[in-house]
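Undergrad: Sequence:
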Amino acid sequence: SSRVLARSQRRRRLWGKQRTTPSRYPERAAMFGPDPQLGVSLKRRSAPRCADMRPQELAPAAGRVGMPSEALPSLRSPPPAGMQLPTLLGQRRQLLREQQEQEPLKLQSQRWHRQPALQRPEGRRQVAVVTGANRGIGLEIARLLRECWGFQVVMAARNERQGQAVARVVGCDFVQLDITDPASIARCACELSRRYGHVDVLVNNAAIKTRHDDPTPFVCKARDEVETNFFGTLAATEALLPLMRPGARIVNVSSSGGHLGLLWDDWRRSQFAAADTTLSVAKLSSLMKEFVRDVGASGSLAHAPAMDWPHLARGWPNTAYGMSKLGIIALTKVLARTLARLGISANCCCPGSVATGLNPGGFRTPAQGADTP
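Here my numbering is used: the first residue of the sequence shown is 1, the next is one more, and so on.
What the hints contain is simulated information worked out from the structure, not anything from laboratory work.
These figures come from a predicted structure and were not determined experimentally.
Fair warning: there could be bad hints in the mix.
Said to hold, decoys possible - Straight-line Cα separation of at most 25 Å, SDA-like style, residue types lysine to any residue; simulated pairs:
id, residue 1, residue 2
1, Lys289, Arg223
2, Lys289, Gly247
3, Lys289, Leu241
4, Lys283, Gly322
5, Lys283, Trp267
To be verified - Label-pair distances were calculated between CB atoms; the ranges are:
id, residue 1, residue 2, range
6, Cys148, Leu342, 25 to 31 Å
7, Gly352, Arg187, 31 to 37 Å
8, Asp308, Arg187, 42 to 48 Å
9, Gly197, Gln164, 18 to 24 Å
10, Ala186, His212, 30 to 36 Å
11, Trp264, His212, 28 to 34 Å
12, Ser256, Asp308, 43 to 49 Å
13, Leu301, Arg195, 41 to 47 Å
14, Gly150, Lys289, 39 to 45 Å
15, Arg337, Leu301, 25 to 31 Å
The beta-carbon is built from N, C-alpha and C at its ideal position, and this holds for glycine as well.
With the hints as extra help, turn the sequences into a complete structure.
TA: Following this line, the structure appears as C-alpha cells:
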C-alpha cells in the first residue's frame, strides 16, 4: 500500500509540473497556454488557433449564438471589483442560456444553406420518390428535399385528387400509388420509368395506424397494419429497385415502438436479431405472416387482445403497429446487407412523436419530424 501511495504522489507531482510549466513540453504547446487570470495552464476544449490568441480575436465567437460580444463578460479581462471568477462564469452561462431560449427553434434543415440542384453523372437531376406525401411527415419531407437539396421530387399518394393539389402548391410532381394494390404499384413503377428512367432516393413513409379504442377487431387491425406497413413497403421497394443505380438510397420511416424489446421470448427475439447476419427477406416475410396467423387463431372479435390469446404464448406482442415497425427495421437491415454489393444503401429512422393524423397527441410538428430522415 505504501508503494501505491508513493506512486500516486509522484504522478500528482508530475502532473502539476506539466500543468504549471507547459514550456518544458513542446508537444503540448498546441493544447496548453498560460492564462494570466488563473495563474495556471488551461487545456482548450477546441484549439482552432495558436495558444496566444488575443482577447479581441475571441470576441466573434459570441456572435455564433446571436448575442453581441460586448454583452458577454470576457474571461480574459479582469473581473469587476468584488466579483470572483466562478461568479463571472455563471453570469456568462446565464446570458447564453437566456439568449438561446429567446431564439425560435431552428430545424437542422433550416440551418442548411440552399444546395444546388443535385446532378447525376450524365447531367440529369436526381429523382426522389416519397410515398404517403400528400400530408403530414411525407409532405414536409418532399418540401425539404425540393427546397433544401434541389431534388426532382415525386410525391406518391393513394388519394390522387388531394395529392395533385398538394403537389401543385409545393412545386413537385405527383404519381398515384397505393402500396396495398399490386396493380397500382406496377403502374407507378412504369410511370416513373417513362418519365425519369431512374430513381435515386426512395423514402418509404406511407403507413397506417389504428387507435387503441377503435372498435375494429384486433384481428383485423393486425392484418391491415402488417399488410400495409410491412408488405406494402416491401412490394413498393421491390418494384422500384430495378430503377435504382449505384449510389441510390432507400430510407424507411420506422418508429421507436418497433424495438426488439417487444418480443419477450428469447427465441423470437433471436429470429429478428438475425437480420444483421443470416435473415432473408423470404424468412422475414414468413415470420410476419406467422404473427398475423397466430393473432387470427384467437377467433375473437374484441378490439383489444386478452392475456389468454394464443399469440402471446407463442412469443408475439400485443401491438400490431409495433410489430409492423419491427418488421420494417429488420427489413431495412436485410436490404442494407444484401444491396451493399450493388452500391445501394438502406437506412431507417424514427421521426419521434409527431402530431399527425396517425398520432394526434404528438408533441412535435411534422416539419420537426421530417427533419430526421
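Undergrad: Quick check: does the Cβ-Cβ distance between glycine 197 and glutamine 164 fall within 18 to 24 Å?
TA: For glutamine 164 against glycine 197, whose Cβ atoms are near 22 Å apart, the range 18 to 24 Å holds.
Undergrad: Between the alpha carbons of lysine 289 and glycine 247, is the straight-line distance 25 Å or under?
TA: violated (32 Å)
Undergrad: Does the Cβ-Cβ separation between cysteine 148 and leucine 342 fall within 25 to 31 Å?
TA: Once the Cβ atoms are compared, 27 Å apart, the range 25 to 31 Å for leucine 342 and cysteine 148 holds.
Undergrad: Measuring from beta carbon to beta carbon, are glycine 150 and lysine 289 in 39 to 45 Å?
TA: holds (41 Å)
Undergrad: Does the hinted range 28 to 34 Å hold for tryptophan 264 and histidine 212 at CB?
TA: At 20 Å between Cβs, range violated.
Undergrad: Does the hinted range 31 to 37 Å hold for glycine 352 and arginine 187 at CB?
TA: Between glycine 352 and arginine 187, where Cβ atoms are some 33 Å apart, the hint holds.
Undergrad: Can the restraint linking lysine 283 and glycine 322 be considered satisfied, given a maximum Cα separation of 25 Å?
TA: The given pair, whose Cα atoms are some 19 Å apart, holds under the 25 Å limit.
Undergrad: Is lysine 283 close enough to tryptophan 267, meaning Cα to Cα at most 25 Å?
TA: Roughly 15 Å between the alpha carbons, so the hint for lysine 283 and tryptophan 267 holds.
Undergrad: Within 42 to 48 Å: is that where the Cβ-Cβ distance between aspartate 308 and arginine 187 falls?
TA: With Cβ atoms ~45 Å apart, the hint holds.
Undergrad: In this structure, is the beta-carbon distance linking alanine 186 and histidine 212 contained in 30 to 36 Å?
TA: holds (35 Å)
Undergrad: Regarding serine 256 and aspartate 308, is the given constraint of 43 to 49 Å on their beta-carbon distance met?
TA: violated (28 Å)
Undergrad: Quick one: are leucine 301 and arginine 195 within 41 to 47 Å, going by C-beta?
TA: holds (46 Å)
Checked against the numbered hints listed earlier, the structure breaks hints 2, 11, 12, 15; every other hint is satisfied.
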